[in-house]
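**Q** What follows is each chain in one-letter form.
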Amino acid sequence: MSERVLNSALKRKDTIVRRLGDEFLVYDLKTNKAHCLNPMAAEVWRLCEGKTTVAEIARKVGETANAPVDEAVIELALSGLQKAGLIEQHSTGSEPMIPSRRVALGKMATAALALPLVTTILVPTAAQAASPLQKRRPARRQSRSEG
Amino acid sequence: MAAVRFPVCREKLRVGSAVRDRSRRNNFSRPLETNGRRLLWETMHEPPDSVTKNGGQAAGMPATPGNAQRGSILWRRASGFKPESGPLERLNHVAWAGEAFITAFGLRVGVRVSAPEFLDRLLAHIPTRWNCALPQSVDRIYSLISREASLGPDGRGSHLLYANNQRLARTEDPGRLVETFESDLNSYIAQSAQQWFFVHAGVVGWKGWAIIIPGRSYSGKTVLVKQFLQAGAKYYSDEFAALDGQGWVHPFPRLLSVRAEGCQTRTRIRAEDLGSKTGTGPLPVGLLLLTRYKADAHWQPRVLSPGRGVLALLANALTARSRPVLALATFERATVRARVLKSIRGDAKETVESVLKSLDTQVLRNISSQSANLELT
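Protein chains in written order, with our numbering: chain X, 122 to 268; chain Z, -14 to 362.
No lab work stands behind these hints: they were computed from the structure.
Straight-line alpha carbon distances no greater than 30 Å define the calculated DSSO-like cross-link-like pairs of lysine-lysine that follow:
| # | chain 1 | residue 1 | chain 2 | residue 2 |
| --- | --- | --- | --- | --- |
| 1 | Z | Lys327 | Z | Lys279 |
| 2 | Z | Lys279 | X | Lys154 |
| 3 | X | Lys204 | Z | Lys327 |
The following residues of chain X were derived to be distant from chain Z, with all beta-carbon distances above 10 Å:
| # | residue |
| --- | --- |
| 4 | Glu170 |
| 5 | Lys172 |
| 6 | Thr174 |
| 7 | Arg180 |
| 8 | Lys181 |
| 9 | Thr185 |
| 10 | Pro189 |
| 11 | Asp191 |
| 12 | Ser200 |
| 13 | Gln203 |
| 14 | Gly206 |
Just so it is clear, CB atoms sit at the ideal spot from N, CA and C, and this is done for glycine as well.
Work the whole structure out from these sequences, hints included.
**A** Structural data, given as structure tokens:
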């Protein structure tokens, strides 16, 4: 696995990126989705330059975190970033094994490191975000929510 | 008939898509007091004895004392606007019994009614502390024609509400009309105000910090806001968090829409009715509560990162999609000193007590130390 090269792990260009502490906020102008990358995911995403191997990313992340990072954790991060559409095809050849979060957590050398996490929301249009008038509310929802 | 004087100023004022000619408005006006607040100027006129749907003075024609006495607001054709085809031209011939002008968040809104009793009723539903202004150009004009003024030959009619030249409502229920007016006005302000971001949220002020509860309609914002107010918080809004460019929250204090226990219908009350006060100035965000109601649940919050707080604001913002760069920057500033808590909740009272307890002991202390660090650096 460590020999595999990320041929197309290119960061998308049509995004707005802001750094907030150790996190990255990424706004995808194409899909109007906003993503929050926790520090681990942000670091992996930052290192995706189209020519770095998974092993190299794991090593560099480990150096930054002062703790060894297993390649399974990097695969998990890449999987999350790819699902969010933040990187293009991240591997060639055989499909990588994406570990479950539970497995990845077991491979974390220290509890000080958090698993990579990409949180995504769809930014609403003004019409979607607008409040409906009270009387247009479906009757069945009135009994389910408090307010 | 007493002589009617007209202003000599012939300044053309742009109103929506039309241009209003001030010279064709009579200058008999007096201040109007409503709910203890001075609300601009109501045009004095004779009681509207009739509504001229298709008649009256044509646009561009000289004003006459008769027209002026009816308080008609006359409009002139703007380029690209076809008065004959739109209802705005016909609206301009209605004998308006009262008018008001409001400024809020940099926008100017006019309201005109054919029956004077509607004016107070409409203005009672605008957020308090919005400025009322002298007659001037407006960005949007609401026109309300009462049922009596719209009676047809068969004696039937409805209340009509227009926003510029678009009809918003045609109903016999005045309450529905007022509700539509309020909803549209709030939406218009929230979507059109430049340099501001409006997030669907309940907002209260607590010891100099704003607590924001983002959430769509019917997510339980108002229930929590009401509980916070009863606990001594200041009221900012139960609908929108109005954020300026620095990420500070400004009041948007519309009437609270609360539901009595065991009753599905809502009533509108003021924060003062709950023994609370309405906030006046902007506040920095101290706490973001991401929550939803679930029966029998308990408030067991976990702390989220500021980035997740920004996402929560984006997910409930009205115009973030059209201004993403500015939205990210604004929400980042808003959450940089805020604690973000997330949990499902059950009883509102239990939740509020828990939140305020943790605020007093933990959050405010952290924020104060962060503020001190910021000042030192």
